[in-house]
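From these two lone chains plus the hints, build me the complex, please.
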Amino acid sequence: NAGVTQTPKFRVLKTGQSMTLLCAQDMNHEYMYWYRQDPGMGLRLIHYSVGEGTTAKGEVPDGYNVSRLKKQNFLLGLESAAPSQTSVYFCASSYLFDSSSYNEQFFGPGTRLTVL
Amino acid sequence: KNEVEQSPQNLTAQEGEFITINCSYSVGISALHWLQQHPGGGIVSLFMLSSGKKKHGRLIATINIQEKHSSLHITASHPRDSAVYICAGDSGTYKYIFGTGTRLKVLA
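Respectively, the protein sequence lines represent chains Y and H.
Just so you know, we're using the working numbering here: the first sequence kicks off at -10 and counts up by one.
Just so you know, we're using the working numbering here: the second sequence kicks off at 662 and counts up by one.
Next comes chain H alone, as it looks inside the complex (with noise of 0.2 Å):
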């Protein structure tokens, strides 16, 4: 079993639609970063927390430290929100816990 789990793996929504992507993880982290990673593109910090919420744009992301658990939201989806979206957990040393990742598709 992973440290770190993203639900789901795939996920296809319509254009419009909010979506949630889900990470839960077993081991103790002290921060958790969003990561987003277009078709054959590099990858991309959206968020780091370690408490609470934040947002930006159409993007939430929330934490509950506690529950060991982290969502990504998308409000009102678009097709350039397709990507690959990865959560990693910051272990509080130098090193990152990652999710394998769930895979977005927005069709128009």
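If we strip away everything but chain Y, and leave its shape as in the complex, we get (with noise of 0.2 Å):
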């Protein structure tokens, strides 16, 4: 069982590259976040989803897209990169909420990209 797991761990991109990065997680969870990490900001909602197939805006979606083709997988993509968005990216995953459960999200191990 690895929890959560994110690709690729760090990268370096030039101004204008694309990329994607990659969360997956094995433990069946219905919710999965993109946040990112910047000295000073605490963490920061960038997208989310709901399930399978959906996906929503978080508080600085500005720059980024995302896609939820598996239950398992969520990926986060940069179409053209900028320095400003230099940060460490964290995938979360969390169950299904109910009235009797709490929304309890476990934490991938970060992806530090740096943007030149």
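Everything labelled a hint here was simulated from the structure, so no lab data went into it.
You may find that some hints are simply not true.
[What the hints assert, rightly or not] The following label-pair restraints were derived from C-beta to C-beta distances:
(1) Y/62 / H/703: 15 to 21 Å
(2) H/754 / Y/66: 22 to 28 Å
(3) Y/1 / H/719: 34 to 40 Å
(4) H/719 / Y/51: 39 to 45 Å
(5) Y/56 / H/725: 39 to 45 Å
(6) H/725 / Y/75: 37 to 43 Å
(7) H/718 / Y/-10: 21 to 27 Å
(8) H/719 / Y/8: 24 to 30 Å
(9) H/671 / Y/39: 32 to 38 Å
(10) H/676 / Y/61: 39 to 45 Å
(11) Y/-2 / H/670: 36 to 42 Å
(12) H/725 / Y/48: 40 to 46 Å
(13) H/688 / Y/40: 24 to 30 Å
(14) Y/-4 / H/705: 27 to 33 Å
[Stated by the list, open to error] Listed below are the simulated EDC-like cross-link pairs for lysine to aspartate or glutamate, each with C-alpha atoms no more than 16 Å apart in a straight line:
(15) Y/59 / Y/19
(16) H/756 / Y/93
(17) H/756 / Y/15
For clarity, every value in this text was computed on a predicted model and none was experimentally measured.
Beta carbons are placed, not taken as given, at the ideal position from N, Cα and C, and that holds for glycine.
If you want it as structure tokens, here you go:
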């Protein structure tokens, strides 16, 4: 049981390049999230998904796209990277919320992205 | 003003000291999650609680839902406890409301 995994762990891009970050979870969780973490800013939600085939915008969605074609995978895409997207990206997942359970999120190890 | 406030923002302690990190929130939450992040590392779950107290090893978390306040205590602190501690409120939907973190440094 690997939990939440992210690939790659590190990446350096040049301005204008594109890339995709992959998040995978093996816990059969319905909800998945992409966050970015910047110094002094805390964790900010980029996009999230409440189930296979669904995605929604979070607080800071501009410049990113996402897809959830399979329940276990959540992809984050940067179409044209900018230096402002230099950050550490975390993926998380949680089980289906209902009135009797917490929405406990489980985090991946992070991807450190530098855009030059 | 953040909806979830942590204090202090930075904390330096000597090894062996008792440490308290506070988390206050101004919005309704159904539970609170304490997370730990070592420098350059991932985010690890410590506790999730909606009432009372939880203990794991040298770590204790308490919450008072009526007062909208939670505390994380570390007994007999050790340099390996040096990390950023983050509290996050479960808003009762599928989103977290994060504090900005408390950076703890424990000196040997």
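In ascending order, which of the hints set out earlier in this document are inconsistent with the structure? 8, 11, 12, 14 and 17
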